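K.L.:
Just so you know, the protein sequences line up as chains R and P, in that order.
Be aware that the first sequence starts at 21, since it is given in our numbering, and climbs by one per residue.
Be aware that the second sequence starts at 21, since it is given in our numbering, and climbs by one per residue.
Incorrect hints may have been included.
[As the list claims (entries may be wrong)] Pairs of lysine to aspartate or glutamate, EDC-like flavour, derived with a Cα cap of 20 Å:
| hint | chain 1 | residue 1 | chain 2 | residue 2 |
| --- | --- | --- | --- | --- |
| 1 | P | K145 | P | E119 |
| 2 | P | K552 | R | E312 |
| 3 | R | K536 | P | E554 |
| 4 | R | K581 | P | E554 |
| 5 | P | K197 | P | E265 |
| 6 | R | K552 | P | E534 |
| 7 | R | K552 | P | E312 |
| 8 | R | K447 | P | E554 |
| 9 | R | K153 | P | E312 |
| 10 | P | K581 | R | E185 |
| 11 | P | K302 | P | D148 |
| 12 | R | K330 | R | E185 |
| 13 | P | K153 | R | E312 |
| 14 | P | K552 | R | E534 |
| 15 | P | K302 | P | E276 |
| 16 | R | K576 | P | D585 |
| 17 | P | K576 | R | D585 |
For the record, the hints were derived by calculation from the structure and aren't laboratory data.
All of these numbers come straight from a predicted model, not from anything done at the bench.
2 protein chains.
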Amino acid sequence: MAAFDNLYAGRVAQVRDFGYDAVIISGTDPHSSEYPAPRWKQVEWTSGFTGEAGDLVVTQDHAGLWTDTRYFIQANLQLAGTGIELHKTRIPGEVLIPEWLSGHFTNKPVRIAFDGLCQSVGAVKELDDALRKSYGLGGYELIDRPDMLSELWNDRPAVPHSPVEWLDEKSVGESRKEKFAWLRGEMRKAGCGSMFLTSLDEIAWMLNVRGSDIDYNPYVISFLLVTPQNVIWFVRNVSEVPSPEGIITADYGVLEDALEDRRDECGAIYIDPSTLNYHTYKLIRKFFAESEIVFGPSPVILRKAVKNKKELEGFRRAFIEDGVAVENFLYWLETSVQGGARITEWEASEKLTSLRAQIEGYRGNSFENISAYGANAALPHYSTPREGSAEIKPRGLYLVDSGGQYTFGTTDITRTVPMGRCSRLEKEDYTLVLKGMIDLTLAVFPEGTAGCQIDAISRRPLWAARRNFGHGTGHGIGFYLGVHEGPQSIRQNFNPQPMLPGMVSSNEPGLYREGKHGVRHENVVLCREEGKSEFGSFLSFETLTCCHIDTSIVVKKLLNKSEWDWLKAYNRVVYRMLKNRLAPEVARWLKKKCR
Amino acid sequence: MAAFDNLYAGRVAQVRDFGYDAVIISGTDPHSSEYPAPRWKQVEWTSGFTGEAGDLVVTQDHAGLWTDTRYFIQANLQLAGTGIELHKTRIPGEVLIPEWLSGHFTNKPVRIAFDGLCQSVGAVKELDDALRKSYGLGGYELIDRPDMLSELWNDRPAVPHSPVEWLDEKSVGESRKEKFAWLRGEMRKAGCGSMFLTSLDEIAWMLNVRGSDIDYNPYVISFLLVTPQNVIWFVRNVSEVPSPEGIITADYGVLEDALEDRRDECGAIYIDPSTLNYHTYKLIRKFFAESEIVFGPSPVILRKAVKNKKELEGFRRAFIEDGVAVENFLYWLETSVQGGARITEWEASEKLTSLRAQIEGYRGNSFENISAYGANAALPHYSTPREGSAEIKPRGLYLVDSGGQYTFGTTDITRTVPMGRCSRLEKEDYTLVLKGMIDLTLAVFPEGTAGCQIDAISRRPLWAARRNFGHGTGHGIGFYLGVHEGPQSIRQNFNPQPMLPGMVSSNEPGLYREGKHGVRHENVVLCREEGKSEFGSFLSFETLTCCHIDTSIVVKKLLNKSEWDWLKAYNRVVYRMLKNRLAPEVARWLKKKCR
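Produce the entire structure from the sequences given, and follow the hints as far as they go.
P.N.:
This is how it looks when you write it as structure tokens:
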């Protein structure tokens with residue numbers, strides 16, 4: 021361990037040697053991606069921290085990692101010996117980077133450097149506002165040094181460029197032509213001729229294209245310029261990328277020239293400051309006056325969250341295929357462990373992946389499998405180690421959270437499985453979390469209701485027993501795209517986005533007892549119209565996930581009749597849908613489970 | 021009716037004759053009160069509209085009343101024939117006054133006049149921002165004409181000045197001295213020496229004083245200047261107002277002189293722009309530079325919402341005294357109507373008031389009784405007419421929403437009473453609303469939870485049946501102060517104020533079927549600590565209201581066991597608490613009701 025500690029302490033020292041008062045190293049890429057490609061794991065390279073969210077600040081007298089509740093335990097372990105301090109976010113009294121930097125220095129001007137490729141315009145504006153308030157105009161300097169870590173990071177990976185996959189336009193329900201006609205209409209409404217798209221999932225959705233440049237996310241690293249006449253797609257290895265009619269491909273590296281050449285056909289340009297990187301924004305500013313740039317949230321985000329008929333057909337198929345794989349996995353796990361085999365969390369995870377991989381149209385997992393036994397499941401974002409993972413014993417609870425990317429949809433499912441004898445507390449927690457999941461499944465709510473206004477419905481049974489969980493209850497899910505997508509969410513935060521018919525979201529309450537066990541039940545639900553009455557229009561959820569829920573340790577008196585009825589009916593439907601797709605012994609086993 | 025129509029059309033014409041492009045007439049008073057004294061019922065004088073919320077705009081070609089969902093039906097009736105158009109607020113797509121005015125004119129400069137005494141600084145700033153965006157600097161003029169309607173309104177009532185009542189400092193739990201020491205501490209934290217208080221309930225709470233200048237609200241119309249050394253209270257008829265030690269009284273009309281005299285002892289001054297009127301703000305600006313004024317929400321609002329031990333003792337007593345009055349009323353009503361007496365809504369209302377008036381310490385009702393039978397109860401804010409109100413028949417539902425002001429607390433209670441045979445729909449609505457009220461009563465939630473995050477708990481049973489109601493579920497209640505107070509609320513709007521132990525709020529879901537019936541069940545609940553666990557601290561509610569809930573038409577299968585258990589236990593407690601305070605025949609009747 022000492023060698024590693026020194027490694028990161030040494031890298032922090034190298035960053036310090038740039039000579040700035042502060043260097044900010046962000047955990048994202050030039051597209052504000054949630055999961056960046058290896059080239060942009062700059063926080064990991066510098067600090068050793070592998071969490072999916074975190075930013076680093078190195079000053080001459082301090083090094084700090086900012087990350088949220090999900091990663092406190094992991095950060096403490098990984099930062100040990102590096103000299104890097106953990107700054108906690110998403111807790112009361114949090115001090116975020118802009119605020120911290122505005123209070124830290126006494127010299128003037130304060131010189132702060134960052135890789136402008138990996139900072140959004142919005143983030144730099146926030147930083148700038150905070151620094152100006154504190155140090156005054158001229159009291160600080162923001163230095164954009166694109167790819168600055170490349171000077172230190174000798175074997176830094178290149179920008180990836182995997183083969184691209186054009187989706188069958190019939191299978192996704194909406195052609196590029198239709199999508200661009202719609203987007204141009206939105207641009208006209210915003211008083212713009214053109215739009216510069218930077219977010220990889222939005223570009224993939226607009227173009228009906230997928231790639232594999234990033235683990236778990238089927239994106240192509242690229243930018244997209246939509247003008248009144250043309251669609252220009254900036255990709256790596258442009259000569260190898262065949263483009264369909266109406267799409268002009270250009271090199272990812274020649275953005276500046278292209279912007280200059282295309283300036284006149286663009287008119288005013290629309291950009292989303294929450295995803296456009298600062299460095300690229302400066303390029304755009306070379307050719308567009310401030311008055312010719314309109315900032316706003318990308319309209320693609322909401323549009324792609326509301327799935328069309330074809331996408332929903334695909335989703336339904338995906339959840340059945342996926343359900344077959346998960347049922348086969350659960351059968352294998354139970355019979356193996358109860359038969360005395362020694363199975364580790366890692367082996368279970370690999371088995372599950374191999375079962376998914378047999379599905380036609382499988383393109384990888386939608387995120388890293390969480391395969392966690394016993395106390396390990398108490399970490400909501402447990403990362404199963406390849407070496408030395410825990411053995412799954414024939415007692416207590418095993419939690420598996422996983423999903424697949426298929427050309428016809430994306431899945432995400434969590435099952436908590438009793439492996440044998442369970443404690444009273446395990447049974448109670450299992451039941452109360454399940455009760456919350458069912459209550460949200462059964463919820464009916466008026467049109468216009470946002471996720472934060474119904475989140476309490478899933479938490480109420482836990483709250484009543486003075487229990488709670490620290491993550492959101494539900495996130496949007498893309499169609500063969502990111503397993504996390506906006507704009508809707510079901511959580512306590514005041515996100516005003518109403519739930520809309522056609523949105524696909526997870527429903528995943530949980531409960532985590534450090535050192536003991538963890539429970540999470542996750543189904544994916546489709547928001548749909550429930551009907552009108554004299555009191556207005558109402559919405560409800562349809563469950564898409566098709567995989568049984570173990571009832572053997574449910575504490576019956578904790579469920580009311582309608583909850584219990586739902587559970588029985590759900591398992592009945594799962595059995596009916598899957599029985600003909602399973603080997604006879606698995607079907608027999610599932611029949612028993614679903615009784 | 022024609023004469024009245026002409027009256028208001030004529031008054032609008034008189035306002036138009038001032039010659040401005042627009043005149044704004046606000047429904048509030050110089051203290052941003054929810055219920056103004058008659059002098060400030062300027063909207064009513066001009067338009068005939070008597071709703072509790074509404075603003076009027078008169079231009080040369082248009083007259084419009086802006087009011088919210090609660091008053092649409094009433095406004096349509098009262099505005100008929102006046103030529104005044106209804107502009108609906110709190111609906112999707114609402115266009116508020118600033119936005120409407122910014123889009124209405126083509127001439128420049130647009131000259132807009134208002135009574136600056138009755139517009140808050142915050143409201144004028146919003147208006148100014150909107151107009152500047154639309155017409156540009158110099159393109160419009162805002163003209164402050166204090167008391168401008170007095171020129172037209174010959175018999176306009178004077179500013180009221182009823183006798184003041186100093187509360188026993190022991191009975192309210194906190195002395196003026198303690199309160200001002202706390203407030204001065206808050207001012208220091210905000211970098212201010214002094215504060216100018218304008219909201220009447222805050223002034224009454226700070227001074228432990230009450231009055232009767234406004235119907236239903238025990239306030240004294242006044243301003244309060246708190247400096248590091250002195251407390252100066254600006255009241256009407258200053259010579260008749262005895263003041264306790266440490267309080268300097270001054271005349272309501274000499275604000276300007278006093279501000280000049282006191283300028284030096286003030287230091288920087290703190291003001292709440294949401295309640296300070298624009299005209300008075302301009303006076304303050306004569307003596308204070310912009311940099312010497314700190315804007316912010318008044319800290320008194322939150323402090324007074326969290327009740328102390330003595331206040332809670334008072335509240336508990338108030339709800340028992342009040343419960344006795346309401347039980348006597350319900351007994352009288354049932355036996356009278358079933359005995360064949362002809363009782364109108366108005367007579368019932370008068371009877372209820374007379375029963376409350378017998379309570380020692382009664383100081384009036386806390387709002388206008390809503391006494392509504394049958395279809396009248398479908399108007400959530402029904403105003404019972406003195407003449408020609410409906411007769412209460414021995415069938416269907418009667419709704420009574422009422423409350424008292426006592427020197428030891430304020431009450432607010434709604435009971436919906438089956439008067440005899442009820443329809444299936446009446447029974448179902450009655451039960452579902454009750455189920456929602458009980459579910460919220462039984463809710464447990466983590467510290468930090470805001471009302472909007474638990475509102476769905478009370479609506480869920482209605483939503484499940486595709487029913488809903490259009491008002492909030494709960495509002496704060498003052499201690500012998502306003503029956504509506506902030507900062508907390510339980511409703512769909514994103515109000516971030518967490519519920520805190522010691523807050524007293526209503527719990528009042530409802531259901532309204534136009535032309536048929538209305539149901540509302542309202543208890544008042546105290547937020548309290550529920551205890552800690554490894555998952556944090558939890559809160560819950562204690563019911564303060566002490567008055568039985570009729571179970572005769574409850575549809576049993578719609579309540580689950582814990583809801584039904586709560587209902588039985590609640591009625592048992594009510595009977596036990598009240599039986600010795602009631603006449604034998606009433607106690608016997610209540611015993612039966614509570615079985």
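K.L.:
Taking 20 Å as the top limit, are the C-alpha atoms of K153 (chain R) and E312 (chain P) close enough?
P.N.:
holds, 19 Å
K.L.:
Regarding the pair K197 (chain P) and E265 (chain P), is the alpha-carbon distance no greater than 20 Å?
P.N.:
Holds, because 10 Å separates the two Cα atoms, which is no more than 20 Å.
K.L.:
Decide if the proposed pair is consistent with the structure: K576 (chain P) and D585 (chain R), CA atoms, cutoff 20 Å inclusive.
P.N.:
Distance ~19 Å between K576 (chain P) and D585 (chain R) Cα, so the pair holds.
K.L.:
Below or equal to 20 Å on CA atoms is what counts here, so check K576 (chain R) against D585 (chain P).
P.N.:
holds, 19 Å
K.L.:
For a C-alpha distance cap of 20 Å, please report whether K552 (chain P) and E312 (chain R) respect it.
P.N.:
Between K552 (chain P) and E312 (chain R) the Cα gap is close to 55 Å, so the pair fails against 20 Å, i.e. violated.
K.L.:
Against the 20 Å threshold, does the CA-CA distance of K552 (chain P) and E534 (chain R) hold or violate the hint?
P.N.:
Holds, because 17 Å separates the two Cα atoms, which is no more than 20 Å.
K.L.:
Within 20 Å, alpha carbon to alpha carbon, are K302 (chain P) and E276 (chain P)?
P.N.:
The given pair, whose Cα atoms are some 10 Å apart, holds under the 20 Å limit.
K.L.:
With a cut-off of 20 Å on the C-alpha distance, tell me whether K447 (chain R) and E554 (chain P) pass.
P.N.:
holds, 18 Å
K.L.:
For a C-alpha distance cap of 20 Å, please report whether K552 (chain R) and E534 (chain P) respect it.
P.N.:
holds, 17 Å
K.L.:
Verify the proposed pairing of K536 (chain R) with E554 (chain P), using a straight-line Cα cut of 20 Å.
P.N.:
holds, 13 Å
K.L.:
K302 (chain P) and D148 (chain P) were given as a pair; does the straight-line alpha-carbon distance stay at or below 20 Å?
P.N.:
Holds, at roughly 15 Å.
K.L.:
Verify the proposed pairing of K581 (chain P) with E185 (chain R), using a straight-line Cα cut of 20 Å.
P.N.:
violated, 56 Å
Going down the numbered hints, you'll see the structure goes against 2, 4, 7 and 10, while the others check out.
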